[in-house]
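Q: Given next are the chains, with one letter for each unit.
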Amino acid sequence: METIFVSLGGGLMQAFEPLNLFMILAGCLAGLFVGCMPGLGSVNGVAILLPVTFLVPPTAAIIFLAALYYGAMYGGAISSITLGIPGASTAVATVFDGRPMAQAGKADKALMAAAIASFIGGTVSIILFTLFAPPLAAFALKFGPQEEFALMLLAFATFIGLGGDDIPKTIFSILLGLVMAAIGFDIISGQPRMIFFDMVELQRGIGFLVLAIGIYGIGEMLWTLESTKGQVQMHNVKITWARFKENLKEVKVYINSTWLGSFLGFFVGTLPAAGATPAALMSYGLSKTFSKDPDSFGKGNISGVAAPEAANNAASTGSMLPMITLGIPGSPTTAILLGGMIIWGLRPGPLLFTESPDFVWGLIGSMYVANVATVLLNLALIPVFIRVLAMPFTLLTPIIFILCVLGVFATTDRMFDTWIMLILGVAGYLMRKLNYPVAPAVLAIVLGPLAERSLRQSLISSQGDVTTFITRPISLTCVILALLLVSYPLIQRLVRRRTAVQAD
Amino acid sequence: MSFVKSLAVSALALAVAAPAVAQDWAPRKPVEFIIMAGTGGGADQIARLLQGLIEKKGLSSRPFIPINKPGGSGAEALRYLQDKAGDDHTVMMTLNSFYTTPIIQEDLGVDITAFTPIGLMAMDTFLLWVNTDREDITDLDSYVETVKAAGLDWKVGGTGSGQEDSVLTAMMEAAFDYDVTYIPFPGGGTVAKNLVGNQIDSTVNNPAEQMEFYRAGNSKPLVQFTGERMAAFPDVPTAKELGVDIEYYMQRSVNGPPGMSAEATAFYTNLFEELFNSQEWQDYCTSDGLTCDNFMKGADLANFHATQKVAHEKLIEQVGAKAITGE
Chain A
1 METIFVSLGG GLMQAFEPLN LFMILAGCLA GLFVGCMPGL GSVNGVAILL
51 PVTFLVPPTA AIIFLAALYY GAMYGGAISS ITLGIPGAST AVATVFDGRP
101 MAQAGKADKA LMAAAIASFI GGTVSIILFT LFAPPLAAFA LKFGPQEEFA
151 LMLLAFATFI GLGGDDIPKT IFSILLGLVM AAIGFDIISG QPRMIFFDMV
201 ELQRGIGFLV LAIGIYGIGE MLWTLESTKG QVQMHNVKIT WARFKENLKE
251 VKVYINSTWL GSFLGFFVGT LPAAGATPAA LMSYGLSKTF SKDPDSFGKG
301 NISGVAAPEA ANNAASTGSM LPMITLGIPG SPTTAILLGG MIIWGLRPGP
351 LLFTESPDFV WGLIGSMYVA NVATVLLNLA LIPVFIRVLA MPFTLLTPII
401 FILCVLGVFA TTDRMFDTWI MLILGVAGYL MRKLNYPVAP AVLAIVLGPL
451 AERSLRQSLI SSQGDVTTFI TRPISLTCVI LALLLVSYPL IQRLVRRRTA
501 VQAD
Chain B
1001 MSFVKSLAVS ALALAVAAPA VAQDWAPRKP VEFIIMAGTG GGADQIARLL
1051 QGLIEKKGLS SRPFIPINKP GGSGAEALRY LQDKAGDDHT VMMTLNSFYT
1101 TPIIQEDLGV DITAFTPIGL MAMDTFLLWV NTDREDITDL DSYVETVKAA
1151 GLDWKVGGTG SGQEDSVLTA MMEAAFDYDV TYIPFPGGGT VAKNLVGNQI
1201 DSTVNNPAEQ MEFYRAGNSK PLVQFTGERM AAFPDVPTAK ELGVDIEYYM
1251 QRSVNGPPGM SAEATAFYTN LFEELFNSQE WQDYCTSDGL TCDNFMKGAD
1301 LANFHATQKV AHEKLIEQVG AKAITGE
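Line by line, the protein sequences give chains A and B. For the first sequence, our numbering assigns the number 1 to the initial residue and increments by one for each residue that follows. For the second sequence, our numbering assigns the number 1001 to the initial residue and increments by one for each residue that follows.
Just chain A, with the same shape it has in the complex:
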C-alpha cells in the first residue's frame, strides 16, 4: 500500500510538470469541443490529433491523449443536453432527462449536474484504479462468455422499467432494436443475414449512431414541431452568481445516483467486453428503478442526468485498465491510445506496471489532474453552451437537421446511412406519437450484438447446455440479480396496489 502512495506521489509530481500540465489543459479543451460536435466524436479527434503527440515525450503524449478522451466524455453530454442529439453512444442516456430539462429552461442545471457527476465518477474511478488495479485485472480475466452474457441480461433487466407501464410496447421496442442489430453478417458463421431486398449496403449493418441520431435528432425535432406548431420559445437562462450557488446546492438531490453510477461505471468499464455505453445505460436504469419517484424519469429528473454521466466517466477510466494490463482496448478511442503506446515502444500487458512504472504512474497522476481541469473548464463554459438555446427555434431546427445529416455522413461516409437515418427519424416520430417508448430500441441495438456473441460463444463451448449460465458463480450471481431486478418493479407495483386498496 505504501509503495502505491509513493508511486502515486511521483505520478502527481509528473502531472504538475509545466509541459504535462499544459498538455492536460490542451487535451481537455480539445476533447470538450470534439465531444460536443455530433459526428466528430472522440475517435476521429484522437486520430487527427495523434501527430501532436510526436512533438513531446511519450508520457506527455499519452497524458494529452488521455485528457482529450476525458474531455470528449464530458463534451458528449453538452450536445445531448443542448441539442438533444447524443454525440456518442456513451451520452445516449443523458438525452433522456437532459433534453427535457433544457426544454424546461433548466439547461444550466443539467449541464452542471453532468459536469459534477462526471467529476465525481471520474475521481471515484481513478481512486479505485490506483488502489486495486492488479486484483481487478485478475478479476476481469474471470469474465468468460458466460459471465459477459449474464452481465448483458443484467443490463437488459435494468431497463425493463424504462418504457413505463406498457410492458408489451416496451418489449416490441426492444425486439425492433434487436432485429436491426441482427442485420449484417452473422457473428459466428460470417454469413450475411437479414439483407432485405438484397440491398448490399445492408451487409454493413445499421450502426448505433444512425439509429440514435435518427430517433433523437430528427424524430424529436418533428415531435416538437408538431406539438408546438413551431411556436416554441426556448428558454434563455440568465446565469448569475446566485443561480450558480443555488445549482451547486442541488448536488445533494442527485448525489446518490452519482455514487451508484460511479461504482457501477468503474466496475463495468474494467470488463473488456462492456465499456462506457452499457455502464451509462445500466446506471440510468438502476437509478430509475430505485428512485422514490420513478415516473419523473424521462421528464427531466436531474438524477437521470447525473447517473449516466457519472457512469460513463467512471467507465472510461475503468476501460484504461484492460488496455494497460491486457492490451485489449475497451473502446475505439482507447485503441488509438494503444497504437500510440506501441509506437513509443511501450507494450501494454501484465508487465507494463513493473517495467514502465514512470509511464503508468504518470498517466494515473494526470488522470486526477485532468478530472479537476475538465470540471473547472466545464463549469466556466456553461454560459457559452447555454447560448445555443437562446437561438430562435426557426434557426435552431435547421441547424440541428444539418448536424444530424452531417454527423451520420461524417462517421459512415455513405449516403445510404443518411437515408436510413432519416427514415428511422420518421419512424421514431411515429413511435412517439403512438406512445411506444424509443429508448429500449436504442438500448437493444447497442447491447444486442454483445449479448448475441457471448450467448452463442457460451452455448458453443457448453455444447448447447443452457445450465452453463447457472453453474458458474459470477454468472449465476448476475442471473439472480437480473431476475430480482425484473421482478422488483412488479412487486413494488403489487405492494402499492395493495396499500392503495387497503387505504380505500
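You may find that some hints are simply not true.
[To be verified] Below, computed lysine-lysine pairings styled on BS3-like, alpha-carbon distance capped at 30 Å: (1) A:142 with B:1220; (2) B:1056 with B:1029; (3) B:1148 with A:142; (4) B:1220 with B:1240; (5) B:1240 with B:1148; (6) B:1314 with B:1240.
[What the hints assert, rightly or not] A short list of chain B residues far from chain A (calculated; beta carbon distances all over 12 Å): (7) 1212; (8) 1229; (9) 1235.
For the record, the hints were derived by calculation from the structure and aren't laboratory data. Predicted model, so just to flag it, every value in this text is computed and none were measured. Built from N, CA and C at the ideal position, the CB exists for glycine as well.
Chain A is fixed; fit chain B onto it per the hints.
A: Chain B only, in chain A's frame:
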C-alpha cells in the same frame, strides 16, 4: 511589418513549390486504413504501429485513420473495400482471411484478385499456446493425448470460422485425428485474454498476440508452425521436427480497392516501402517473430495473391470447408 513580410515570403514559397507538388499524387482527405480484424490482434497492432509511423515520419499530409471491420471473419471488410471500387482514399491491412473468407462464403461476391495490391509488409507465424497452469501439458505429445481424452470438451479459441487460425486448427484436427470445439472471438487480443483467464484451453495465436503474456509467464508455446525455429523462440520445436507436416504462414499485406488510380497506387506503394525499410519496422519484425526480408509489390504481389488463393482453395478442399466452419 515582419509578419506581413513572412506571409509574403511563404506565399511566394508556396507558389514556387506548387507546380512540383502537383505532379505527384497525394491524399486530399484522411485515408481510411481498414483492418479486417478486431482490436488488439496482430493485424490491429501492426496497422496502428504503421499509422503512428506515418504520422511520426510525416509521410502523408492527411492522417491515416484505422478502422476495424472484423465482422464475418473479414467479410465485412472485404465487401466494404469491394464497394469502394475506384476510391483513392481507402487502403486495407489484410490477413489470410483475405483468401479464405471469399472461398468459404461463395455468395459474398468478392474477387480478391481484382483488388489493387500495394505492398507485402511481413509474413507472420503461428505457435500453439496453452495456459501455464496446464502443468500436465509439456509438449506436443502430451497435448494431443490430453485433447483426445477431452474430446469435444476441449475448447480452442480463434478469431472466426474461415480465419487462418481456424484453417490451422482444422489442419491439426486432420493430422492428429481428433475433434475439438472451436469458439470464435472478435480478435486475437481477446483470444489471448481468454486463454490466460482459462476460458478456453488452447489457441494458435501469432507471437505478437501472446508475447506480453508469455513474458509474464501466463502462457506457454508448445510448437511453432514454421520451417525453422524463430529467433524469438529458440527452445520451441517446429512441427516438422516432431514429424508433423504442418507449415503455415500468414501474409500481412496492404491492398487497395479495385480500380485505384495508378498515381495513388504509386503513392501508397512508396509510402509503405519507406515504412518497410525503416528501423522501427524492422525492429518490430525481429521482436515479434515476423519475417520481413523483402518488400513485395505490384505484379509480384498480384502473382503472390493468385498463388496463395489457389493454395488455400486446395487446403480448404483437403480439410473440408465443413471442418473449418464447424458445421
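Q: Taking the hints in turn, state whether each one holds.
A: Structure-based check of each hint:
1. Taking the CA atoms of residue 142 of chain A and residue 1220 of chain B, the gap is near 19 Å; set against the 30 Å cutoff, the hint holds.
2. At roughly 18 Å between alpha-carbon atoms, residue 1056 of chain B and residue 1029 of chain B fall within 30 Å of each other, so this suggested pair holds.
3. Proposed proximity of residue 1148 of chain B and residue 142 of chain A is supported: the alpha carbons are some 26 Å apart, at most 30 Å.
4. Annotation: proposed proximity of residue 1220 of chain B to residue 1240 of chain B holds, straight-line Cα distance about 19 Å (limit 30 Å).
5. For the suggested pair residue 1240 of chain B and residue 1148 of chain B, the alpha carbons sit about 21 Å apart, so the restraint of at most 30 Å is met.
6. Restraint check for residue 1314 of chain B and residue 1240 of chain B: the C-alpha separation of about 20 Å stays at or below 30 Å, so the hint holds.
7. Residue placement check: residue 1212 of chain B does not keep its beta carbon more than 12 Å from all beta carbons of chain A (closest about 3 Å).
8. The beta carbon of residue 1229 of chain B is kept farther than 12 Å from every beta carbon of chain A, the shortest such distance being approximately 23 Å.
9. Distance to chain A confirms residue 1235 of chain B as a non-interface residue, since its nearest Cβ pair spans about 20 Å, more than 12 Å.
Checked against the numbered hints above, the structure violates only hint 7.
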